[in-house]
Each structure stands twice: as C-alpha cells, then as structure tokens.
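Colleague: Single-letter residue listing:
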Amino acid sequence: MEANEVARPTAHQLLEETRMEMEDVASKMLFIKQEGSSKSELRELITQMSLHFITLRKVNRSILVEEDRIKAETEAAKGPVDTTTLQLHNLLYEKNHYLKAIKACKDFRSKYPDIELVPEEEFFSSAPEEIKGKAMADDVAHDLMLKRLNFELFQRKELCKLHEKLEQHKASLLDAISSRKKFLSSLPSHLKSLKKASLPVQQHLGISHTKKLKQLHAAEFLPPPLYIVYSQLLAQKEAFGEKIEMEILGSVKDAQTFALQQVNKENGLLSNLDNTKLEDDAPDDDEDVQRRRKRPKKNVVKDSVDQSGICQLHPLNIVLHVYDDEDTGSKPSKLITLKFEYLVKLNVVCVRFEDTNEKSDSNILCNLFPDDTGLDLPHQMAKLYSGDSLAFGEKGTSYPYKWAQHLAGIDFLPEVPPINVNGDHLNAGLINVSDFSSGLALYRRQNRVQTILQRIRSRKKAQMALVEQLDSLAKLKWPSLIYENVPWALHAPLCTLQKWSPAGLIPDSSFSASIAGQATNNVDLDMDRRSVTSWEVESAREDGELPTALPVATMPVDAAASLLSEPLQLVDRSRSLALMSKNVTPMSMVKTRSFSKYEDELELVLDSDSEVEEQTYSNHLNENASSVVSKPWEDSAAKEFDFILGRNHGKDGVVKLNAKVKISIEYPLRPPIFSLSTDSGHSEWYNVLRAMEAELNLHILRVIPLHHENFILAHQIRCLAMLLDFHFDRHDAKRKSTTSVIDVGLCTPISGMILTRSVRGRDRRKMISWNGVGCMPGYPS
Amino acid sequence: MATEQEGTGGDARCWDEERYRKSILQERELRCRTVFRTAFAPSQNPNPEILVVASSDGSLSSYSLPSCIASMSQYQQLDMVTNQRTVADPLSADPLSIIQAHKGPTYDLKFYSHGENNLLFSCGDDGRLRGWNWKEILSSHIVVDKKTQGNLLKPILDLANPQHEGPWGALSPIPETNAITINEQEGSVYSAAGDARAYSWDIETGKQKMVFRGHTDYLHCISARKSSHQIITGSEDGTTRIWDCRSGLCTQIIQSGRNLKSKLSSWVSSVAIDSSESWLACGTGTGLSVWSLLSYECIFSIGHYAPVQDLLFDDNQIVAVGSEPVLTRFSINGATLSQLKCAPQSAFSVSLHPSGVIAVGGYGALVDVLSQFGSHLCTFYCMGLDNDS
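So the protein lines, in turn, are chains L and R.
Per my numbering, the first sequence starts with residue 1, numbered consecutively.
Per my numbering, the second sequence starts with residue 1, numbered consecutively.
It is worth saying that the hints were derived from the structure and are not from the lab.
Each statement offered as a hint is correct.
Taking lysine-lysine pairs in the DSSO-like style, the calculated list, with each CA pair at most 30 Å apart, reads:
no.: 1; chain 1: L; residue 1: Lys237; chain 2: L; residue 2: Lys460
no.: 2; chain 1: L; residue 1: Lys214; chain 2: L; residue 2: Lys182
no.: 3; chain 1: L; residue 1: Lys461; chain 2: R; residue 2: Lys22
no.: 4; chain 1: L; residue 1: Lys182; chain 2: L; residue 2: Lys211
no.: 5; chain 1: L; residue 1: Lys662; chain 2: R; residue 2: Lys22
no.: 6; chain 1: L; residue 1: Lys460; chain 2: R; residue 2: Lys22
no.: 7; chain 1: L; residue 1: Lys182; chain 2: L; residue 2: Lys170
no.: 8; chain 1: L; residue 1: Lys253; chain 2: L; residue 2: Lys211
no.: 9; chain 1: R; residue 1: Lys103; chain 2: R; residue 2: Lys154
Selected chain L positions facing chain R (Cβ under 10 Å, derived; list incomplete):
no.: 10; residue: Trp403
no.: 11; residue: His406
no.: 12; residue: Asp411
no.: 13; residue: Leu442
no.: 14; residue: Gln446
no.: 15; residue: Asn447
no.: 16; residue: Arg448
no.: 17; residue: Ile452
no.: 18; residue: Arg670
no.: 19; residue: Trp685
no.: 20; residue: Asn687
no.: 21; residue: Arg702
no.: 22; residue: Gly761
no.: 23; residue: Arg762
no.: 24; residue: Arg765
Bear in mind that the values here come from a model prediction, so they are computed numbers and not experimental data.
Glycine included, every Cβ here is placed at the ideal spot set by N, Cα and C.
Input sequences plus hints: build the corresponding full structure.
Modeller: Pasting the structure below:
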C-alpha cells in the first residue's frame, strides 16, 4: 500500500480523499444515530457512502493495473543486463587464465643451473673443434650453452666407459682375493691337524701348553660369577696343590656372541636410560623389573631358544673334578665331578652333579651347609624375577645351592634377619648383592674354596662309606667295623638282622609307599607271617603321615603328631567351646565314650563336642603334614630305613625290635636318628627304648673318634644289637632270679655274671658302664 | 627358633663345623633329656608364678610361668598372621635361673617352707641331697650360656648317702637318691635311696637321724604321713612299706606291686597320700592301686595299664602320669574320670598348684602346664646347662 502511495501519489491522494470523505460520512451517520433523528439523512449518507466505495474500488483497480505495467517493463529491461554480466565474467576468467599461464612461464626454470658444467674457460680450452665450431642456435648465449652441454655429455660418456673398465678390474681383483681367502681358511684346519699331530709329542714332553692356553682363553668369556669360581679354584689348585681339575666346556664362539650382545644391550640400555632420565629422573623399581621382563623377548641368544627365557644358561660352564686328597698314589682316585652353570637372567650359579659310572644320588650335595637344599633360588632378586614358576630338581640334576653362590662371590642377604647379630652376621649383612670385586679380599680370607672343597670331599666319602654300609645291611649282614676300640665291636650279636628295607625319601610319601609295597614281596618266608603283616600295616601308615620332629618312638607317632598340634588347637578353640569338653582328647575317645554314659546328666555337651574334636583331630593329621614341611631343610634328601632285629629266646619265642633310621644327607655331621618300637607296642618298654635311642643317637657319637665318623651307622647298628642283647637278656634274667639285699648297690660291669642291680633311678635305666671308654649311660655328666 | 639361628655354623663364608656339630648334638641332647620333677615355688600369689624343674642333666632351673604363657600366645598369634601351623616345636623357654645342682640326673626336689626363708631340697643320681636358699637361686640371675656360673652357687646343706663297706674295705658306689620328702614340724628330710634304704636327716644339724632298712630292692619314692609320724616308701621290689619315724621300724608291708592275675610283681614307682592322710595311692609298673591307710585294704587296683611314674591326690581324685602321653584322673573308687593329652611321651612328674594348675614334666625335656580346666597353658622345652666340654 505504501509502495502504491509512493509510486502513484495521485491515486493515493485520491484514495486518501475518498477515505476522509468516508470518514466524514461515517461520523455523520454516527452522529445521526446518536441523535436518533432523521433517517432520511441517513439514506442520503448511505448513497454517498456507496459512491465513495465505488471510487475507492476504481482507484484500487487503477493502482493494480499500473503495477502490472511497471512489472512488465522491468522484466524487459532485465534481459540485456544479464547477458552483459555473463560476458563480463567470461572475460575476467580468460584474463585470469592468461595471468596464470604467464606466471607459470615466468616461473619455469631450466635444469642447466643444476648440472655442473665445465667452466667456460676450460670449455674453450679443451673442447674439441667439432663441438665448438658447430653453430646450434641463433642466440649466442644459447648457442654457447648448448655447446657446453654437448661437451659435458661427451665427457660423461667417456667417464662411464672408464668406470666400466675399472669395475671389471675390481671384479678380477676380488676373485683373486677370494681364492686367497679360501686358501687362508683352509690353513687353520691344516694347522690344527698339525697341532693335533704334535699333541702326543707335547704330552710326552709334559707340556700341556695348548690346552691351558685354550682354557685361559675360554675363561675370558666366562660370566663374572663363573670366572670367580674358575679363577679361585685355579688359584687354590696352584697355590696349595689341591687335587682338583677344572675344564671349561661349551662353545667359546657362542660365549663371544653372547658377550657382544650383552655389550650392545648395555649400550642400548644406557641410551634408553638416558631417554627415560629425560622424562623422569628416578625410574622406580617397578619399571626396572618391567624392563627386565621385556628384555628376553627382544634378544634371545640363538642357541638357547629351547631354554625358556629366565632359565637361560650361559653357553660356557665349568666342570670340576675333585680327587681324593688323602690318596698318596700317583694317580688319585676321582671322587666327584661337578658342573657349574650360570643362569644369566637370574644371576644364579647352578651345580649339576655329573656322575659317570654309578647311578648315585643326585642329592648328594644337598645341605652341604646348613639350610641349603638347593631347591629354591638363593636370593630374593631371582625369586621375585622368576615368580613361582621355577622349581629346581625337576629339570635334570642342577641345583642353585647357596654355597655355589658363595663360591661364585655372589653374596646376598639372608631371607630372615639374623636374630642374634654377632660379628659374622653383621659382616654378611654388609656385603651386598653381586658386589664382586670388593668382596674378593673377604672371599679369600674366608677360605671359601677350601671349605667348600673339603665339604664336598667329606660328603662324597661319607656317602660312599654310607652306601657300603647300607649295602651290607641290605644283605642282612652286620656291617663290619674298622675302629674296634668300642665294646660293641667285640660283641658277637646274639640277635639277628631280620629285615632291612628303605622307607623312601622322607618328603615323598607316595614313593615310599610304593617301596613299602615292594618290600612285601621280599619278605623272608621263614618269618612269622602274622607279625610281618602287622609290621607292614604299621609302616605303611607311618609312611603316609610323615614323621614328627621329635625323635619319639614310632609306636605313638600319631599321638605325638596330634599332641603337638593340640596346644594350639586348644587355645584356638578355648574361647568358643565349653571348657569341660576339652578334657576329652581324641586318643582316649573309646574310653571316654564308655564313661560319658553315666555322666550324661552332668555334661550333655560332651558327646557332641567330642565328635567335633574327633573331626578336628583327623584334620590335624593332615595339617601335620604341612607343619613338618614348614621346617623342611633338615629332612631334605634324607633317607629312611626300616629294619627289624630279632632275638630268639628258645621257648619264649622271638623278641622283635622294630627300628626306623633316618639318615640325613648331612651324614655323618648329622648322625642317623634311630627310633625304636616293639611289636607289642606296650608302653612298659617305653623308657628302655628311649634310653637305647639316647645311647644310639647321642652318646656313642661322643665315643667314636672323628676320623671314623663315616662309619657311624655301622657303629650304631652294632651298638643297637648289643644293647638289645643286653636289655632283653637282662630283663628275662631279672625276672627269674631274685636279687639279694647284699648285692644291691654293688653294680658290676657288663661282662659280670653275678646279677646284682640292673636298673637304677626313677626312669629304671639299665646300668651300663662301657669298659675302658668311660661312658656313663643314660645321661652325660 | 632362636637357638637354631644361634647354633648353626654359618654357611660357606664362615664355616664352623665344630660349632655346627655341637649344635646338632645339643639339639639331640635336648630331645633325650628328661624332666624328673617339676614343682611350683611357694608364693603369696594365688596364681602360679614360678615353676622349678629338675632334669636329667643335673640342673635345677626355674621358669616364670606368666612369661612362658605370654610368649606361647604370642608365638601362636604370630602363626595366625603367617597362616602357618608351625606346631612342630613347642617353644624353648629361657629360664629365670639355672644351676648345676647335681652330677648326673636330678631326681627330685622339694620346697621347705620355713617362714620367709624357703629352702629348696634336691636329690640326684650322685647320691647327694642338697638344700639351697631359694632366694639366692632366684636372685642369682644366672645366664644360661655362662659355663662357670652353675658352680658358683653353694648349697646350704650338702648331704651324701653313705657308702657300704664290703670285704677288705671295698666301698660300694654311692647309691642314688630317688626321692625326698619333708616334714617341717620335725625339721627333717627323708630320702629314698638306691641302696634299698630310706634315710632321715636333720635339717638343722645335717646329721643322719634314722635309717629305714627292709626293702629288698632300691627305693623309688617316699612320702611322709605327718599326722602319725610315718613315712611310706615304694620300692623296685614291688612293695610299699610304712615306717614309724621314731622307732625306724617297718609297721606295715603292702604288696601294692603284686598283680593278682600274673604272679609277677611290679615295681612301685610312686606313692601319694591324700590330704586327710587316710588314703594311699601307689603307682606301679602295670597300673596303680589305692589302699586305705586305716584298714590297709586295697580299695581298687588297676592293672594292664602303662607304667605309672608319678601320681598325686587332687582332693579326692587321683591324678596319674606314666609312660604314655596322657594325664589320667581317677576317682577314689577306681573309675577313670578323664584322660588329658600332655606333651611328654613319658611323664615322670606331675605337680599341682593350689589354684588347680597342673605341670607335667617328662621325656624330651618337655614341660606341659595345664589349667585347672584342662586346657594347655603352655608347653616348653627346658634349656639345659651348656656343660658340654
């Protein structure tokens, strides 16, 4: 409307006028209406109004027509404008294109500045005429450039030809070199054969030069711990004339590559370390461990792919032959051969027992020093590193003994802090892990090599002596005694060795059970069937249950086992259970049941509680197994034997004594322990048997001189036989004869025929006085 | 545990084979040693405080029970933390004091309460009867590992059993003293000796007052019946004899050792009288028997049982131990009331504190202390004298 007003003022004015007039009319009409008079005027006004409407409409139409016309005009004018803008755009585009093309042309660079051309002066002086003379282009500069380029090309072609020629020459030279190399490589084998041929001569002349040299060369590639082992052993050998021989086995080449790798790794590690140091100054232990874990994945030595990462062995190992040092003969007998290996990742030296001829016990070196079973890793680092996955003793016969670490100069902190810190312990604490060089003075001062060699020798000898004694016992023969200055050596046993059977290694209950099973087949036919079977049952039961720590009789082993666990159990339960019920023990179960009947009114709880007790009792038997394992090193690799001594008593029948011998691997340092029992299981004999045990396990040890201690088992067996003869003989005699008052108090030595006083003291000990040796039986004074 | 650490000879670095060998032997010795007598020291405290132990290496050692119990429970708490059951070892307790009382085993010890001054009497295999000042023993603070210390303390009283003279003046060995008993009113000590006699000694003068002859074999035990001035002895010959102290004559012979079924007689290892002094219990090689001291009749007798080695009266119950690891209570009419497991495989001593706490000592140098309700208060190994030279 406004547009119309602006575009067409006349029409709009008309419109305005009309509107005003209409308003007038309307107001008039309104006025009339308000007055309420003369409707005739109103009619006129209506007609006026109608007229106005008509004019309004006319004006409106004229406005619309005008508008249409103007629109058509604008449409017509638009066409030429469009075409001209299109043309303008085309032209602009074209212009841009040309500008771009011009710029590209301007930007174009020829290659020739890159080509190193001969300088112009040289070109003019040395270029041939045919190139110089020919005109190639009109432009002078261009022509010169072309000429120069041509010359360059010519020169390069020449050089190519020369190059080819030189290549040929080089190839021919290479050929010559390779042929010469071939000759050189074949030369060592020739030399070697020559050397080999010369060996007999060397040996004949007594110069083992080559071998020594080779060994020394190999020694250079030994890992530090093994190097210390080798060098110290060598030093000991050369300084004190120890009768030992060392050899370094394994491929030196592998060791070389290994060492190289190690060096590379170190370098790599160093740079790594630098990097990490930039990132954070103090990488903590966890990262360290992780990095170490990653390492085996990255670099695995070629030849040890079959070895799992952490058990990776160093390619070199040392073989040590120990010879008997008491042998004065020209050729000393070889006692033992050991192989030292090094686990690279764990920093642990392992010892492998290499036996050539016999199927000897691989545990022979177990507990060479106290608490050194070789079954777990000696130091914490290795333990942490390997986790629980590693178990030694399964794979072959290689063990990480602590003494081997000490021999290799690897000192470590003990697992448990020493409670009584005396000087030695303090020292041990101060030496830190893998501090090789600084500890060597200490190492020498401690005489480690000598100690260990001595221990190995004495162990081997003891084991050989033990095997000899056991062999004779297995044949049911009395072992012979070399040292005869003891009463039992002169005593001809009246009793007989009726049975001797191994009860197996102690920790391995299943194994011992199978041995016991085998033993049934070996039972002598002339033996009393009934007692044999009972014995079998008993032994099988005891094998299953593991012996207790106390050297008590075999008869009440169960009792002892449960008893020892009893205090704990009782205290544990004391808060929760009724006090009265604990008076009842599982052992007396049967008896308790009978009398608990008439005490029912008093203690109703008793019966139900005792059942609980019974259950816990059986649990305790199982737990007992674990409790013994808690202090296992002394029993490690220990052997157990059962045997029966029988004594014929004519009419009375046979007296049988069951004995169980536990022979520790530390024999003879830890002498065999005997535990005795009789068939009847009657506790009447308890004190007598304990006295005999004390005699065997403790007192005669003091009687036998140290240099005969390897035969201590034989002495113990013979002494047992004598004690058995004595005790059971005396016992019968005492029952038959009456002792007179006069004789009482006058004791006689063992050989005496007059029976006087045979027992003494509150424990009714037999009175024995060893003639000449001066051992008061029963108790040390 | 501590002793082990101490005793081992180290490893390859500082190997001491002698020390290691010695430590093994010491451990063995401990396991072979026997506690022959335990006794509670008299004190004002109603709870047991100090336990005196006589053992077969001739030592007299005293142990503080509260500390033993405390360390025992500590030990067990430790176990609970580590979740391991290291029940294999009862702890080895450190004694308050230890003296070398006798050469050879010490068989018996008794307290002689004399007002403030308590005397401790001990006897042993060397035939000596020695009286010690209890306060001196306690205050001596003797450390175990000092070898000479044991001899420093001198007994107040040192009595020796007489030797018997044979033809040409040959002297018999000194008989051992197996048991002692004390009568405070008379001021005398009675000893049961190995020469089949019992002796009466005057404490003041140290003189031998009376000899009781009559047994045919050595004496195991002795007990005083103070109300009627009698002593009762048990012997290897299987009889129990009742003696009049004033005349020295045997008033009664009781064949307590004789088993009715088998004709063999067994030794009498222990005798005990109840507090009313009208009942007598005899422990024998096959069991035990109880007699009325008024009528000298056997009340009951139990055979086919492990040898009884010590017994005592607890009110009207009899507590007996023997060569079995159990402590048995009998009623006066012979019924088995209860059987308690105790640590020593063969127990030689049972002693009762007025509060009802019982101590059992026996083979393996083990002492087991049980509460009046039968729970184990503590079990420990007695340390021995380090006199191994």
